[in-house]
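Top line first, the protein sequences correspond to chains A and B.
For the first sequence, my numbering begins at 1 and goes up steadily by one.
For the second sequence, my numbering begins at 1 and goes up steadily by one.
Careful, some of the hints might be misleading.
To be verified - Within a straight-line C-alpha distance of at most 30 Å, the following computed DSBU-like cross-link-like pairs (lysine-lysine) qualify:
id, chain 1, residue 1, chain 2, residue 2
1, B, K528, A, K122
2, B, K310, A, K141
3, B, K263, B, K405
4, B, K310, A, K64
5, B, K405, A, K64
6, B, K97, A, K122
7, A, K141, A, K64
8, A, K64, B, K97
9, B, K518, A, K122
Keep in mind the hints are simulated off the structure, nothing from the lab.
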Amino acid sequence: MPGEPITRRNFLWVGWSALATFFAASAAASARFLFPNVLYEPSQKFNAGRAKDYPVGVSTRWTKLQRVWIVRNEKGIYALWARCTHLGCTPNWFNDQGRFRCPCHGSNFSPDGDVIAGPAPKALWRCKVELASTGDLIIDKAVLEDRPGFREGHVYFVEV
Amino acid sequence: MLDLNEIPKKVYETQVWRSIFRHAPWKDAPRDRMRHIVDNIWLHLHPARIRPRAVKVSYSWGLGGISFMLYLILTVTGVLLMFYYRPTVELAYQDMKDLEFAVTLGKFLRNAHRWSAHAMVLIVILHMVRVFLTGAYKKPREFNWGIGVLLLSITLFLSFTGYLLPWDQLAIWAVTVGTNMAGATPFMGNEGPFSGLLGMRVNNDVRFVLLGGTTVGASTLIRFYVLHCVLVPLVAGALMIVHFWRVRKDSFSAAPLEADEQKLDVWPHLIVREYLAAALTILAIFLWSVLQNAPLEELANPTVTPNPSKAPWYFVGLQELLVYFDPWIAGVLIPNVIIAGLIAMPFIDVNPKGVGYYSLRERPLANVMFLSGVFLWFLLIFIGYFCRGPNWGWYWPWESWLAHKPLPPPTWDLPAWAGGALMIFYMAFGMAAPRLIGGEISWSRAIGAFAAVFLLAAGGLKIFTALAAAKLLMLGLFVFIFFLLGFLFPQRYLKGLDLARYALTMSLILMMLGVLLKIGLRLGFDIKYVLSLPQFNFNI
């Protein structure tokens with residue numbers, strides 16, 4: 001009824017509900033607090049040296065420092081991110097066997113990055129590669145592609 | 001002459017002693033024993049008198065108490081280690097080395113902390129097995145069983161968070177793999193199925209919160225430090241309080257009441273056993289820590305993974321499971337189904353018999369299925385721990401890792417229509433067959449018929465395909481296990497259950513056996529995935 005004074009019971013309902021809402025909102029805000037806004041992580045872009053210095057085949061020169069394999073075929077160069085697409089370990093390149101093999105769950109990949117054996121669900125990621133005017137390779141691990149037909153061209157391959 | 005009997009008497013009469021322990025002079029009467037429990041803040045967690053069954057060692061094996069004792073040892077050694085350990089990328093590994101070589105007793109305390117953690121995981125698992133086998137999770141203890149299952153998960157999570165702190169190679173790669181599993185969570189992880197629906201990226205998903213970044217690094221170390229040393233122990237402590245309180249409220253033992261059962265005084269009958277178990281636990285951890293050092297690998301390297309990279313034993317089963325299924329299935333779905341299935345157990349097991357004592361005969365289905373699950377889990381641990389070598393290749397325990405192994409054969413997927421049909425057939429047939437086939441089946445005749453069919457089929461396969469005899473035998477064994485556990489057992493013991501409970505129990509059984517069958521298909525026949533739908537990351 002309009003004009004009727006609010007009952008004690010209903011007043012308390014409003015009060016306690018407000019308190020519960022406050023706690024719920026605080027929990028949500030605390031969860032947001034756990035997502036950092038600034039990351040102090042190294043840049044994903046690096047200079048891999050002169051493109052001409054890479055012979056045909058898989059180069060492990062940057063694996064330990066940048067977690068990238070530089071692969072050169074007859075036409076040019078692409079860069080594979082050395083992170084297994086299964087659960088993120090670093091596979092090893094076996095030159096005599098011509099494949100990458102992961103030490104954590106046994107996935108095997110071809111030099112193209114395609115899965116040959118083991119549990120990995122997807123091919124290895126290829127990174128963006130650019131040829132600087134100096135002839136240096138600039139590799140960006142933040143720009144990735146794994147779909148056949150897309151990964152072979154565009155910014156993921158340079159002709160050398 | 002010093003009279004050793006006189007000293008305690010003199011001490012007990014002092015005002016100081018009387019101010020701390022307020023009961024009247026000890027006469028060892030029932031009333032004194034009772035007062036000793038209820039007047040003591042620590043001991044009054046116990047009732048004053050207790051059913052004789054609850055103090056029987058061969059019933060409980062003291063496993064719950066030993067778990068708690070290990071938790072106390074872990075708290076004490078952990079607090080001491082915290083005085084030297086600094087959780088930063090630059091200093092953590094150095095501090096581990098200092099603890100090993102420069103700090104008095106540092107190595108011993110680290111050993112004790114590590115081995116107590118291993119022991120606690122094992123003892124908590126055994127405690128759960130004991131409670132299950134004695135049917136002690138049934139009404140009115142359903143809730144406390146659920147708390148116990150959560151405490152087991154928390155024990156594992158405490159171990160997992162602790163593993164990162166030494167900042168060695170084992171640490172960083174175990175946590176990389178573990179958090180990448182979180183990244184494969186449906187909806188909430190950037191590499192999981194349906195991640196696009198909520199707009200998940202590498203820098204806003206559930207893995208990102210866990211890591212405090214996009215890779216395991218400085219922010220991850222401090223996050224895991226806080227989780228390991230503060231947050232998770234607090235949650236564990238709170239749950240333990242509830243757990244112990246309920247144990248007491250439920251009078252400690254689920255055993256059926258015996259005729260003219262006389263209760264025992266907790267002091268001394270229960271207390272002496274608890275203290276003895278605690279002392280033996282300390283002794284075991286002490287000896288273990290003197291005799292064996294906790295491993296410490298090389299400094300963490302975020303780009304180079306050790307080959308092979310193995311998780312600690314209690315996670316290596318999960319690591320091996322990840323070989324056979326998509327990460328979100330092996331790493332998220334299956335563990336959660338196991339936890340939910342265990343919590344649901346008291347509500348789906350309506351068998352009123354076999355509560356409070358070990359009996360396979362009165363609880364054939366529950367105990368056989370549970371033990372099969374535990375066995376399967378430890379089988380995976382065995383494979384991962386003893387049968388895996390470099391590149392996660394298969395090496396028998398007696399083989400040298402230096403032996404040259406042929407490359408793993410290429411794996412293949414069934415076509416989606418065949419895989420889908422097989423999955424639907426497996427679930428539909430597995431669900432329907434035990435319930436629809438009525439009557440008593442003679443197991444000896446069923447097994448005989450199975451053997452005959454298998455011999456015929458094996459002969460046919462041998463003639464028309466190039467399958468080796470060992471593979472045929474393996475096929476026969478796996479199908480036989482399914483026939484026994486997935487058909488004969490439920491057909492005899494489960495078909496009378498109401499439909500909802502039947503469906504739930506049967507789907508848990510079929511999932512457990514499905515994991516086993518998939519392991520066989522991969523190891524024996526190089527089948528990568530039975531059903532692969534890449535657009536949903538559905539690979540099983």
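Structure-based check of each hint:
Note on K528(B) and K122(A): the hinted pairing holds, with a Cα-Cα distance of about 13 Å set against a maximum of 30 Å. Between K310(B) and K141(A), the direct Cα distance comes to roughly 27 Å. Compliance with the 30 Å bound is thereby established for this hinted pair. Taking the CA atoms of K263(B) and K405(B), the gap is about 64 Å. The hint is violated against a cut of 30 Å. For the hint linking K310(B) to K64(A), the alpha-carbon distance of about 20 Å falls within 30 Å, and the restraint holds.
Among the hinted pairs, K405(B) with K64(A) is consistent with the structure: their alpha-carbon atoms are about 26 Å apart, no more than 30 Å. Proposed proximity of K97(B) and K122(A) is contradicted: the alpha carbons are some 40 Å apart, above 30 Å. Between K141(A) and K64(A) the CA atoms are separated by roughly 15 Å; this keeps the pair inside 30 Å, and the hint holds. With a CA separation close to 24 Å, the supplied pair K64(A) and K97(B) stays within the 30 Å bound.
About 20 Å separates the Cα atoms of K518(B) and K122(A), which keeps this hinted pair within 30 Å; it holds.
Checked against the numbered hints above, the structure breaks hints 3, 6 and satisfies the rest.
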